[in-house]
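**Q** Required output: the full structure, derived from the provided sequences and hints.
Respectively, the protein sequence lines represent chains A and B. My numbering applies: residue 1 is where the first sequence begins, and numbers increase by one. My numbering applies: residue 122 is where the second sequence begins, and numbers increase by one.
No lab work stands behind these hints, which were simulated from the structure alone. Only a predicted model underlies this, so the values are computations on that prediction, with no experimental measurement involved. It cannot be assumed that every hint is accurate.
Within a straight-line C-alpha distance of at most 30 Å, the following computed DSBU-like cross-link-like pairs (lysine-lysine) qualify [to be verified]:
#, chain 1, residue 1, chain 2, residue 2
1, B, LYS247, B, LYS269
2, B, LYS452, A, LYS66
3, B, LYS267, B, LYS277
4, B, LYS267, B, LYS245
5, A, LYS33, B, LYS269
6, A, LYS85, A, LYS44
7, A, LYS66, B, LYS146
8, B, LYS453, A, LYS33
9, B, LYS146, B, LYS418
10, B, LYS146, B, LYS125
11, B, LYS125, A, LYS3
12, B, LYS452, A, LYS44
13, A, LYS66, B, LYS150
14, B, LYS267, A, LYS44
Just a sample of chain B residues kept apart from chain A, beta carbon distances all over 12 Å, derived [what the hints assert, rightly or not]:
#, residue
15, ASP241
16, HIS246
17, SER268
18, GLU284
19, ASN322
Pulled a few chain B residues facing chain A out of the computed Cβ check, cut under 8 Å [claimed, not checked]:
#, residue
20, MET307
21, VAL311
22, LEU316
23, ILE323
24, GLY327
25, TRP335
26, VAL336
27, GLN340
28, THR351
29, ILE396
From the three backbone atoms N, C-alpha and C, an ideal C-beta is built for every residue, glycine too.
Below are the chains, spelled out letter by letter.
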Amino acid sequence: MRKADLILCLCVLTLGFAIYLLPNRQAVNPTVKITCENKIVLEKALRSLPERFTLNTSSGIFVMQKTDDSVRIISAPCPDKLCSKQGSINSLNQSIVCVPGKLLITLLSAKEGDNYDAIVR
Amino acid sequence: MKTKLLIILVIITFIIVGCASSDVKYETKHFAMDTIIDVTAYGSDEKALRKEVASAMNKFQALANATDRFNDGGEGSVFRLNQSHSEEQFSPSPLLWHLLCYNQYKPYAQVDITLGALSDLWQKHKQLTTIPSPQELQTALGVCGKSKLILNQDTKTVTRTDEAMKIDLGATAKGYGVDLIADSLMTSDVISSALINGGGNIRVIGRKNGDSDWVIAVQHPRRTDKVLGTIKLKPGQAIATSGDYQRFYVADNQRFHHLLSPISGMPVNHYQSVIVVAPTALEADYNSTLLFLSEEKFVQQYLNEHHDLGAVVVRSDGSIWVSDSLKDSWKKLSAEDL
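**A** If you want it as structure tokens, here you go:
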């Protein structure tokens with residue numbers, strides 16, 4: 001191995017490490033979109049929802065828990081409970097899928113007007 | 122030679138990566154002045170952020186105590202001032218003194234801190250959902266007036282010439298409190314940026330997390346779950362709103378809100394809301410009230426003379442006027458989003 005190879009090797013390693021250290025971009029004020037049997041049942045800014053909310057679907061009741069930038073299922077009517085075991089999602093276009101319940105939860109970028117830091121009333 | 126170059130390269134890369142790593146975010150909510158004070162701060166160390174924010178909150182709480190006219194806030198508070206005898210030389214706390222001077226030396230009659238008796242009268246009628254009679258209004262106005270409050274600069278004391286005159290600092294206390302928090306956080310080196318929201322009186326420090334604009338949404342005056350538009354704030358700027366929808370009641374199919382004319386004693390109905398952007402939260406708070414109570418001709422002339430202020434005015438018919446200074450940062454949402 002020549003010296004130049006060593007330099008190249010170290011540069012690639014350093015760069016890789018740098019990318020690993022860079023902050024993981026979270027979604028800013030995301031909108032949560034929930035579809036059940038391919039019909040939209042909820043599409044709202046996450047921050048406008050209560051900390052806990054429920055969804056009545058044909059297969060049963062789902063209970064969700066959210067923060068301003070993440071959401072998770074804490075209780076589901078499906079037999080395998082894989083959806084609630086997945087935990088929370090917090091980055092753009094990430095999804096939680098419940099196949100038995102035909103439920104799909106996706107985080108989308110903020111709609112115009114939802115993307116703000118505070119509101120003056 | 123090459124080894125040295127390599128080492129330097131590695132060091133530089135690590136420095137760049139070190140700079141790029143994101144600050145931590147610390148958010149806290151605190152109840153004071155009948156509202157929620159929400160502080161969001163960014164910095165490198167969460168424990169240090171928590172400490173700085175807590176110490177800033179204490180300053181806000183000290184002001185809340187000094188300006189609460191319904192609960193005794195101790196020596197030098199406005200509660201004690203409102204109980205002082207006429208001709209007594211009352212020594213207000215430094216925070217209260219500052220706020221009294223700020224209001225009292227403004228040349229505008231529209232914002233009047235001596236209207237305590239008038240707002241008490243409206244508060245009483247609000248609970249009964251009735252309207253004050255002209256005689257009641259005249260009686261209340263009779264004990265109000267800027268001339269009934271005398272400030273003595275030499276002794277830093279204040280005197281009420283009429284014991285029935287009550288000081289009400291509702292128009293500026295929150296704004297000043299937000300500035301106290303902001304000033305305290307700005308002097309700290311652990312905070313890189315922050316947003317302070319004192320019940321709709323907002324001030325920002327730095328750029329959000331170092332790299333983006335703070336975007337503030339403005340509530341729709343008639344559809345309270347909707348946003349009318351957004352405003353971008355520059356580092357250090359503040360924003361406040363005065364609106365007829367904030368505190369009101371309906372009697373005889375009419376809306377009676379809390380922003381009163383010191384001349385007629387009645388709510389002023391030029392606009393649905395006035396939003397002001399200013400260099401400090403105190404100025405934003407004061408000027409949003411001042412402009413809400415003023416006719417549009419005054420508003421436009423005032424903004425021409427005060428270049429550091431910007432305003433968005435929602436007229437009573439719902440049309441919107443935006444000052445030149447805010448044309449770039451104001452963004453109205455399209456009708457279908459409403």
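**Q** Does each hint hold? Answer for all of them.
**A** Verification of the supplied hints:
1. For the given pair, LYS247/B sits about 27 Å from LYS269/B by alpha-carbon distance, which is consistent with the 30 Å threshold.
2. Distance check on the hinted pair: LYS452/B and LYS66/A sit about 29 Å apart at the alpha-carbon level, within 30 Å; holds.
3. Proposed proximity of LYS267/B and LYS277/B is supported: the alpha carbons are some 18 Å apart, at most 30 Å.
4. The straight-line distance between the Cα atoms of LYS267/B and LYS245/B is roughly 23 Å, inside the 30 Å bound, and the hint therefore holds.
5. Under the criterion of a C-alpha separation no larger than 30 Å, the hint pairing LYS33/A with LYS269/B is inconsistent with the structure, at around 59 Å.
6. Between LYS85/A and LYS44/A the CA atoms are separated by roughly 24 Å; this keeps the pair inside 30 Å, and the hint holds.
7. Between LYS66/A and LYS146/B the CA atoms are separated by roughly 18 Å; this keeps the pair inside 30 Å, and the hint holds.
8. Distance hint between LYS453/B and LYS33/A is fulfilled; the C-alpha atoms sit about 25 Å from each other, no more than 30 Å.
9. Taken as a hint, the LYS146/B and LYS418/B pair is broken in the structure, with Cα atoms around 44 Å apart against an allowance of 30 Å.
10. A threshold of 30 Å between alpha carbons decides the hint, and for LYS146/B with LYS125/B the separation of about 38 Å lies outside it, so the pair is violated.
11. Taking the CA atoms of LYS125/B and LYS3/A, the gap is near 12 Å; set against the 30 Å cutoff, the hint holds.
12. For the proposed pair LYS452/B and LYS44/A, the alpha carbon gap of about 21 Å is at most 30 Å, so the pair holds.
13. Between the alpha carbons of LYS66/A and LYS150/B the distance comes to roughly 18 Å, so the proposed pair stays at or under 30 Å and holds.
14. Taken as a hint, the LYS267/B and LYS44/A pair is broken in the structure, with Cα atoms around 49 Å apart against an allowance of 30 Å.
15. Consistency note on ASP241/B: stated as away from chain A, and its beta-carbon is indeed over 12 Å from all of that chain's, at 24 Å minimum.
16. The beta carbon of HIS246/B sits about 24 Å from the closest Cβ of chain A, which is more than 12 Å, so the claim that it is off the interface holds.
17. With 12 Å as the threshold on Cβ separation, the claim that SER268/B sits away from chain A holds: the shortest Cβ distance comes to roughly 34 Å.
18. The claim that GLU284/B is not at the interface with chain A holds, since no C-beta of that chain comes within 12 Å of its own (minimum 36 Å).
19. Taking the minimum C-beta to C-beta distance to chain A, about 8 Å, the non-interface status of ASN322/B is violated against the 12 Å cut.
20. For MET307/B, the interface hint is violated, since its Cβ never comes within 8 Å of a Cβ in chain A; the closest pair sits about 18 Å apart.
21. Because the closest C-beta pair between VAL311/B and chain A is about 19 Å apart, greater than 8 Å, the hint is violated.
22. The closest approach between the C-beta of LEU316/B and any C-beta of chain A is roughly 6 Å, which is under the 8 Å cut-off, so the hint is satisfied.
23. Interface hint status for ILE323/B: upheld, as the beta-carbon distance to the closest one in chain A is roughly 5 Å, under 8 Å.
24. Using the Cβ-Cβ criterion of 8 Å, the hint placing GLY327/B at the interface with chain A is not satisfied: the shortest such distance is roughly 13 Å.
25. Taking 8 Å as the C-beta cut-off, the interface hint given for TRP335/B holds, the closest approach to chain A being about 5 Å.
26. The beta carbon of VAL336/B is positioned within 8 Å of a beta carbon in chain A (closest approach about 4 Å), and the interface hint is therefore held.
27. Among the interface hints, the one on GLN340/B holds; its C-beta lies about 5 Å from the nearest C-beta in chain A, closer than the 8 Å criterion.
28. For THR351/B, the suggested interface contact is upheld, since its CB lies about 5 Å from the closest CB of chain A, less than 8 Å.
29. Here the hint on ILE396/B is kept, as its CB sits about 6 Å from the closest CB of chain A, short of 8 Å.
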